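Chemist: Residue strings, one per chain:
There are 2 protein chains.
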Amino acid sequence: MTDDVLAYMQRLGQAAREASRVLASAPTAQKNRALLAAADELDAARASLLEANGKDMDAGRANGLDDAMLDRLELTPARIDEMIEGLRQVATLPDPIGEIQDMRYVPSGIQLGKMRVPLGVIGIIYESRPNVTIEAASLCLKSGNATILRGGSEAIHSNRAIAECLDRGLETAGLPASAVQVVETTDRAAVGALITMPEYVDVIVPRGGKGLIERISREAKVPVIKHLDGVCHVYVDVDADAEKAIRVADNAKTQRYAPCNAMETLLVHNSQVESVLRPLVKVLQDKGVELRGCPRCLELFAGDMVAATEQDWDEEYNAPVLAIRILDSVDEAIAHINRHGSQHTDSIITENFTTARRFLTEVDSSSVMVNASTRFADGFEYGLGAEIGISTDKLHARGPVGLLGLTSEKYVVFGDGHIRG
Amino acid sequence: MTDDVLAYMQRLGQAAREASRVLASAPTAQKNRALLAAADELDAARASLLEANGKDMDAGRANGLDDAMLDRLELTPARIDEMIEGLRQVATLPDPIGEIQDMRYVPSGIQLGKMRVPLGVIGIIYESRPNVTIEAASLCLKSGNATILRGGSEAIHSNRAIAECLDRGLETAGLPASAVQVVETTDRAAVGALITMPEYVDVIVPRGGKGLIERISREAKVPVIKHLDGVCHVYVDVDADAEKAIRVADNAKTQRYAPCNAMETLLVHNSQVESVLRPLVKVLQDKGVELRGCPRCLELFAGDMVAATEQDWDEEYNAPVLAIRILDSVDEAIAHINRHGSQHTDSIITENFTTARRFLTEVDSSSVMVNASTRFADGFEYGLGAEIGISTDKLHARGPVGLLGLTSEKYVVFGDGHIRG
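Protein chains in written order, with my numbering: chain A, 1 to 421; chain B, 1 to 421.
Next comes chain A alone, as it looks inside the complex (with noise of 0.2 Å):
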């Protein structure tokens, strides 16, 4: 059986790479004919989406899925409109695929410059979560990509019959089916052939819980473009105006909870506690926020915070809960960043330009922030237009990846007989 499924991802895995080479030379309106296409094809399959969507909330149900996996799962009349304006606004998205830069002549008389390619084959490991299929397809083909994609096995119905659409889409435009392909089966060892055969697939992006990301990271052959997880901070500085501070720090918290933007940890300076935190924690309380706080906190907020443990520091609630930290300097903030954050997005709240300045250079974090709320990292918000993931890592692509963190650079070289002396 196995050994089935091992033939079968290899097979994929080839098609695949196939396709990566019609693609890569496809054009833009090819491209954007087939996202408008499968567009169409959504449009015009939503009964059978909505019946195959059914079958797999069934058997969630019957397999006990909790409510938020099987919201997560559903396919509503709404989420397939998403879907299709998905797909017509990555056609309307700019091409990155060609783009020759910075062409100059060296002293050697030969002109060179750097042509953006797409990746190759990406594979894209993701949850129950249906729209997912769509949003990494689309982003794929856009930059020239195929995708094999391997969607938590209760989506299994949905994926194909969207997965069809993808396929008529992509046929209607001319380009080759496997372009985009659905794994079509649930067997787990799925997963372990594709994260291993760097002969067909050239990165993967899982996305998915932190369990998920760090298994596949650690079993990988291929490279791994992975967001682990956002443990985000706003430091509030000596120097930083109140109203800011409550207004962003009540922003990056509550504006919603679960993102992986969303603040976790406040820092506070000492000279900010009445001007800032007693404010603060006022606004938080009324919103339902459970405040965790340091030992100064819990002397100044006796009834209002429970104590922080040492783990909180390190915690990602996703959740209305929020661990606080006052400090005396923004030496101490940018030490407790570095030690306890994930490297995802911290913002400071501060008027002082040479601290700005120190924050920025010194915090190691995909995104870094002035006087503005965490809540800003994401690919739409940063103008990429679509995003495929937010990455921790520092190689490749930092912070939201949209279209370029799906392609590479290779160097053009123009002669006229140019030999090396």
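Derived by calculation from the structure, the hints in this document are not laboratory data. Everything hinted at is true.
The calculated label-pair distances, taken between Cβ atoms and stated as ranges, are:
1) B:Glu-274 to A:Ala-29: 41 to 47 Å
2) A:Ala-189 to B:Gln-14: 36 to 42 Å
3) B:Asn-318 to A:Ser-48: 54 to 60 Å
4) A:Glu-243 to B:Val-106: 20 to 26 Å
5) A:Glu-243 to B:Phe-380: 51 to 57 Å
6) B:Pro-259 to A:Phe-353: 47 to 53 Å
7) B:Val-106 to A:Ala-319: 26 to 32 Å
8) A:Glu-219 to B:Asp-416: 41 to 47 Å
9) B:Gln-14 to A:Ala-258: 31 to 37 Å
10) A:Val-106 to B:Glu-274: 33 to 39 Å
11) B:Asp-43 to A:Arg-296: 52 to 58 Å
12) A:Pro-259 to B:Ala-78: 57 to 63 Å
13) A:Ala-319 to B:Glu-99: 37 to 43 Å
Bear in mind that the values here come from a model prediction, so they are computed numbers and not experimental data. C-beta: ideal position from N, C-alpha, C; glycine also.
Given the structure of chain A, go ahead and fit chain B onto it with the hints provided.
Modeler: The following block gives chain B in isolation, referenced to the frame of chain A:
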């Protein structure tokens, strides 16, 4: 023993991580001061460098190292000059760190851009070539990275002596000595530890033979910037200018045989047999190059070539040997290169604009050239100032890797109390 090595490597790792924080915000002038001071230290330590290297050479001879290895191991006054010159040259390169690019306002009102930052800690694993110690250390230092250098055990005395000069240079500039650390044990477990400490090491750059690099890639838990092999092609198109074709192919093969960017396979359109291939065979034979031909070649050049086996098309000779194949179209040439090449450097000789564009787009290699010798593919020729290697990866750095390849970018966001709506 192995436990001790592990503990030792972790101490190095921890010290490197701490030093990397200092280096990340070290001013350009301070880094340059360290480079120039290290150059002066090398200059002052010539006698002890030669003495240390003498020990390595004696041991190498006693252990039966071959001449090529002894040659790479040897430090001569001229090589010490080159190391000193190299340090001074890296000091003159522009510092990429801290550069902020593309600052722009997005619709929410925040202003965002990207700041160039060091990767952090770089582990370099290389063979017994003491000059690599200086090359690698200087590039990493200039790009604000801490380095752990693990050279071949045959060079241990030389590397220690060089490390002392680097340490004194760092000290003169007020930088931590642990910014550059040479692994002082020859225990092979040190390599195993170095490539599996993601908490302390951000990237590994192996420099050496294909076997070493494959082994490191297989076992590493840290990203690897790797250079596997250089199976480089020149394709002489139907529309090639014969004179340019002969000149470039000759140079690509014979200007030097050992470099990875030398041509290993020549592809010739059938129409160019008399105009290009016949005179070229003469030129190459006069230089003593062994020619291995496809069946069509053998028919035409019976006495001049031996038969190429299937394996020859995948071979990196690094020697006066050339595989030659006659084919009938640019399509066949592209297919051959994408199948047998190593995605390093490939060149087309053609006067045809459209054919050139196709080759540039469809050949999936880190450098793609038109009418130029593959020998140009290196960091100095490309104006990078220096190179730490040539990457055959697609992610992060591709092609010659200079200072920029040792850096990453983070997003910086400026607001004025902006929150997400």
